[in-house]
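With the UniProt record's numbering applied, the sequence shown corresponds to residues 1 to 285, in that order.
Source of the hints: derived by calculation from the structure; they are not laboratory data.
Errors might be hidden in some of the hints.
Pair by pair, the computed Cβ-Cβ distance ranges are [unchecked claim]:
1. Glu15 <-> Arg41: 20 to 28 Å
2. Pro274 <-> Glu77: 16 to 24 Å
3. Pro47 <-> Asp94: 37 to 45 Å
4. Glu9 <-> Pro274: 34 to 42 Å
5. Ser25 <-> Pro47: 16 to 24 Å
6. Lys278 <-> Ser4: 39 to 47 Å
7. Gly35 <-> Val3: 38 to 46 Å
8. Val89 <-> Ala12: 15 to 23 Å
9. Gln258 <-> His284: 33 to 41 Å
10. Glu44 <-> Ser263: 19 to 27 Å
11. Glu15 <-> Ser91: 21 to 29 Å
12. Ala12 <-> Gly35: 34 to 42 Å
In silico DSS-like links for lysine-lysine, alpha-carbon gap of 25 Å or less [stated by the list, open to error]:
13. Lys69 <-> Lys241
14. Lys282 <-> Lys69
15. Lys241 <-> Lys78
Glycine included, each C-beta is placed from N, C-alpha and C at the ideal position.
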Amino acid sequence: MDVSWATQESEAVAEKVLRYRRDESGWKKCREGNGVSVSWRPSEEFPGNLYRGEGILCGTVEEVWDCIKPVAGGLREKWDDNVTSFEIVQSITDMLCVSRTSTPSAAMKLISPRDFVDLVLVKKYEDGTISSNGEFTDLMNVFQLPTWNTHRVPRSQVLCEDLTIRAGASVNLCPEMGQRSGPRGQFRDHIVNQRALNTLIDTAGVLPGALRVTSDLKAGAETCLAFPGCQAYCSGVEPNKTKLVTFFQTDLSGYLPQSVVDSFFPRSMAEFYPNLQKAVRKFHH
1 MDVSWATQES
11 EAVAEKVLRY
21 RRDESGWKKC
31 REGNGVSVSW
41 RPSEEFPGNL
51 YRGEGILCGT
61 VEEVWDCIKP
71 VAGGLREKWD
81 DNVTSFEIVQ
91 SITDMLCVSR
101 TSTPSAAMKL
111 ISPRDFVDLV
121 LVKKYEDGTI
131 SSNGEFTDLM
141 NVFQLPTWNT
151 HRVPRSQVLC
161 EDLTIRAGAS
171 VNLCPEMGQR
181 SGPRGQFRDH
191 IVNQRALNTL
201 IDTAGVLPGA
211 LRVTSDLKAG
221 AETCLAFPGC
231 QAYCSGVEPN
241 KTKLVTFFQT
251 DLSGYLPQSV
261 VDSFFPRSMA
271 EFYPNLQKAV
281 RKFHH
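Please construct the entire structure, taking both the sequences and the accompanying hints into account.
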């Protein structure tokens, strides 16, 4: 793989997701309970919906991130029933690689098992931000994966924010959609994009989310979000708690009824939070 192309492509993805960070309009709540909220709005990328999940987990950002970070042999394979395996199939540079994620069937097997192959770029910033930006890459022939099993799924992002007064952090998974079609009308473009921000804050307060703005933080700010796709703000002091915001959109295409898609994703996203909370307690408490 051409390193220059891969770098340029992954950098472009990181810039594109900033649009989701800035736009808070049009969200409609579709599921709420047990401290978790799931909302949706029409996707700008394809004739479907963009879903957003929000919830607060007991645990530091480091503990939560450790349970969801996309690394070979990571914890997510041990607790998330929606991930059967994760591997690094090609290391291009120290910060750039190609990953493969396998998922099982879902929705009473109406959604088939899938393999997601992504180009992932990890970036570190002077303000402490760490980002992992991924993009679907068409390497099926290289890896000899069954093409019928390969779907185009949009990019996702998860945002973890530390609600402790002294530090703010975020890990981001935010979506956008590509247009590569596959056999049998199935699509795939899955991205796992995560970013962790560590910002020291002096006093409690509220400040609108902003991107990489450590130098712009003013006295009175508790934390700020440093990721696109979410316009959530902190309020109050909650030691050892992390706010997790997830975004997801996908064109499953094929012959799936839209009602199946509209019910599956909100339910799956809502179930992700309590399952992750159990994992944090199991592995870190």
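These are the hints, each one checked on the structure:
Checking the proposed 20 to 28 Å range against Glu15 and Arg41 shows it holds: the Cβ atoms sit about 21 Å from each other. Checked against the given bound of 16 to 24 Å, the beta carbons of Pro274 and Glu77, roughly 18 Å apart, stay inside it. Take Pro47 and Asp94: their Cβ atoms lie about 39 Å apart, and the range 37 to 45 Å holds. With their beta carbons about 36 Å apart, Glu9 and Pro274 fall inside the hinted range of 34 to 42 Å.
Distance hint check: the CB atoms of Ser25 and Pro47 are about 19 Å apart, consistent with the given range 16 to 24 Å. Here the CB-CB span from Lys278 to Ser4 is close to 43 Å, well matched to the stated 39 to 47 Å. Restraint check, Gly35 to Val3: a C-beta distance of roughly 44 Å satisfies the suggested window 38 to 46 Å. Checking the proposed 15 to 23 Å range against Val89 and Ala12 shows it holds: the Cβ atoms sit about 22 Å from each other.
For the hinted restraint 33 to 41 Å between Gln258 and His284, the CB-CB distance of approximately 39 Å keeps it satisfied. Look at Glu44 against Ser263: about 22 Å separates their beta carbons, and that is inside 19 to 27 Å. With their beta carbons about 24 Å apart, Glu15 and Ser91 fall inside the hinted range of 21 to 29 Å. A hinted range of 34 to 42 Å holds for the C-beta pair Ala12 and Gly35, which are about 36 Å apart.
For the given pair, Lys69 sits about 18 Å from Lys241 by alpha-carbon distance, which is consistent with the 25 Å threshold. Restraint check for Lys282 and Lys69: satisfied, since their Cα atoms lie roughly 16 Å apart, inside the 25 Å limit. About 22 Å separates the Cα atoms of Lys241 and Lys78, which keeps this hinted pair within 25 Å; it holds.
In summary, the structure agrees with every hint in the numbered list given earlier.
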